[in-house]
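Enquirer: Sequence:
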Amino acid sequence: MQAMLYKGVRGSYTAGRVLGKGGEGIVYAITESDDQVLKIYNEAVPEQKVHKLAFMASINDLQLQSYAAWPIDIVSDSGGSVCGFVMRKLTGYVPMHMLFSPLDRKKLFPDKGYNFLVHVARNLAMAFTQLHAKGIVIGDVNEGNLLVNERGMVGMIDCDSFQMKEGERLYYCEVGVPRYTAPELYDTGSFATTVRTESSDSFAMAILIFQLLMLGRHPFAGKNLSSEDISEEKAIRSYMFAYSLKRDVGNYLAPPPDTLPVTMLGEVLVSYFHQSFESRDRVAVKQWAAALEQLLVSMKRCARSKVHSYPSVLSECPWCEIKDKRNILYFLDEQVLQADWSKDIDHFVNGIKVEKLSFPPLHPPPAITVEANPIDERYRHYNTYQHVTTALLVLVTAIVAISYSMSFVLALFLVRLIYLVLPWKKTLKEEGDRYLDRVGTAKSALESALREYYSPVYASSYSNACTRLKDLIEKYKRLSAVMLYEKQQVEERLYNLQLDVFLRQFLLEDHTIPGIAAKRKEALYRANIYSAADIKILQTQSIQGIGAKYTQELLLWCRQVSADFVYKPDASLLKQEQDKVQAEFDNNKKSLGVEIKGSYSQVLQFKANINARQKQLVAEIDTLYTAVAQAEADLDAFNELVG
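First residue of the sequence shown: 481, per this note's numbering; consecutive thereafter.
The reader is advised that the hints may include incorrect statements.
Stated by the list, open to error - Below, a list of computed lysine-lysine pairs in the DSS-like style, where the Cα atoms sit at most 30 angstroms apart:
1. 909 to 923
2. 909 to 714
3. 1060 to 786
4. 999 to 1016
5. 501 to 1029
Honestly, the hints are just simulated from the structure, not real lab data. Just so you know, these numbers come straight off a predicted model, no measurement behind them.
Make the full structure from the sequences, and use the hints.
Expert: Structure representation (C-alpha cells):
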C-alpha cells in the first residue's frame, strides 16, 4: 500500500504506521520526523474548524509545546482540502487516570510516592494557569485527554477541541464529559454553542486534583445516605460534595468506606475544594498551583518506606497506619517484594574480571653476528676439479676443431654438454640447494612462530569461553530483576482477581451508560459482555455496533465503578505465592553459580595455557632469528667458496 503524502504550510509529511484511532480521526507516525505525529480527520473538516486550526498553528510557541500536543502545521490532502494537522509526539506519557490505581502506579512509576501525585497536581494547575493567561479555555477537561510522564510533567491531547478567541470570532469547545462538567453547564443545551469559562475549567481541574490527591476517588461519588438514586451527574447538579465537612441539608452523600480523610490535605486545600464544589465562586487555577506547591514542599517522608510521603499536618505515616490496621496497600512498596538475598551479593561473581588478551609486539633483534659453520673441504676440491676439467675440455675441443675443421660453435656446445655431465657440478648444485633450503626452512619456522605469537592457538577458545562467562554473569545479575518482576506479577494477579470479583457485581442491565441503549447492550451480551469485569474484552475485540466512541464510554464507565475498589491483599496467599518465586530464584541462583565457577575455571585454564605457550614462543623466536642468521651466513660462505 502506497504511503499517503500530505502537504502542509511548513513542509510535506508522509503518513507512517497507525499510532491510534478514535471517533474523530486517526493518528499516524510521520516518516520524516520521530518527534511529531499526524492527525487526519475521518470526515471533511468544516470551514470554521479549518480557520481554528490555522489560528492555533499561528499562535504556537515553545510554552504551549512544553505541555500540549498543540497543532504545529495544518495539512491538506491531494485535492488541496485541509484534512488534519501535525503535532508534537508525547513520548513516554500515559493517561493520567493510571495514577489512580496503586498497581498501575507501581508498574509505571515504581519509585514514586504520594509526593509524586502532589507534584503532578501542581503541574496540572500550572498548565491550566498558562493556558488561561493566553485566553485559552480547555472546556473538555477529563482524565482521558490528560497525560503524565515519569517526571510528573503533564501533557494535553485533543487540543483542537479547546475554546479560544481570534479577534471577535469565538471557537467553541463542542464536546464534554458529564462527570467533569460544571453544574451551570448542564442545562445550556448543546456544547456546540455553549461558552466555557475559566471558572468551569477550574471546576473540572479541581475534580482531577481531588482524584489525584484522594487516590482516584471522585468528589461527587460517595456513600448514598438516602433512598433515592444519586448519580454523579445528579450530585454535581446539586452541589453534593461527598466529602463535605459542612454536611448541609440536602447533601445525601458521605465518603465511601476505606477512604482517606480529606482533612489530611490541610486547611487551605480543604477550603478550596469546598469553595469549588459547593459554590460558583470558585478558586482560580493559579491559586491552586500556589497551594499545591506549598503542600509539596512541606511533605514529610516515612522512616519505614522510601515511597511513603505524606502531608505535614499528619504526625504519623497514613500509608503505614492503613496497611497495619486495615491491610490496605495504597502504595506497593518495593521493599515488601524484595528478600534479604539482595544484601548478600556473591563477591565471587562481582569480583570476576574478564581480561582481553594483549601481547607486546616483538621486534627483530639488531644485526646478529654469527660465524659460518665450516664447509667440507671436498667441495673446494670439487670446485677446483670442475674449473681444471673445464679448461682442459676447452683446450682439447679447440685442438680437435682446428684439426678436423669442426665448427667452433659446435665445439663449444660439446664442451658445455660435457661440463654439465661432470659429477662435481651436480654435487655442488645439490649442496648449494641444501644450504638455500636451510635458509627457507629457518625463515618459515620464524614466520610461523610469529603468527602463533600474535594469534595464539587457543585465542578463539578463550574468547568463546569469555563470552559464555559474561553471558552467565549478566544472567546472574538479572536474576534479581526477574525475581522482583515475578513477585510483582504475583501481586498483580491477586489484585486483578479481587478487582474482577468486584467489577462483576456491576451488571450492564442495571446501569445507564451514555449511548449504550438496549440494542447495543444486546450486542454486548452476544459477545459475552455482561458486567464491568467483561469490558476489557473491548480492548482486543471489535463488536459490530460498538465503535470507538461507545467503547470509550464503556471503558470510562468501567473506570468510574472501579474507583470504589479497594485492594486488600491476602497476606498468607501472597506470601505463599511469592515464596514459590523465591524458591525458584534460589535454585536458579545456585545453578548459575555452579556454571559460572566452571566457566571461570575454563577461562583461567585457557589463559594459563596461552601465557605458558607465549613464553615458549618468545624464547623460540629469539632462537629462530639466530637460526635464520646462521643459515644465511652458511649460504653466503658456501657461495663464496664455490663461486
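Enquirer: Each of the hints needs a verdict: does it hold here or not?
Expert: Evaluated hints:
Between the alpha carbons of residue 909 and residue 923 the distance comes to roughly 21 angstroms, so the proposed pair stays at or under 30 angstroms and holds. For the hint pairing residue 909 with residue 714, the CA-to-CA distance comes to about 120 angstroms; that exceeds 30 angstroms, so the pair is violated. Between residue 1060 and residue 786 the alpha-carbon distance is near 26 angstroms, which keeps this suggested pair within the 30 angstroms criterion. For a cut-off of 30 angstroms, the pair hint linking residue 999 to residue 1016 stands: about 20 angstroms separates their Cα positions.
A distance of roughly 10 angstroms separates the Cα atoms of residue 501 and residue 1029; the hinted pair therefore holds under the 30 angstroms criterion.
Checked against the numbered hints listed earlier, the structure breaks hint 2 alone; every other hint is satisfied.
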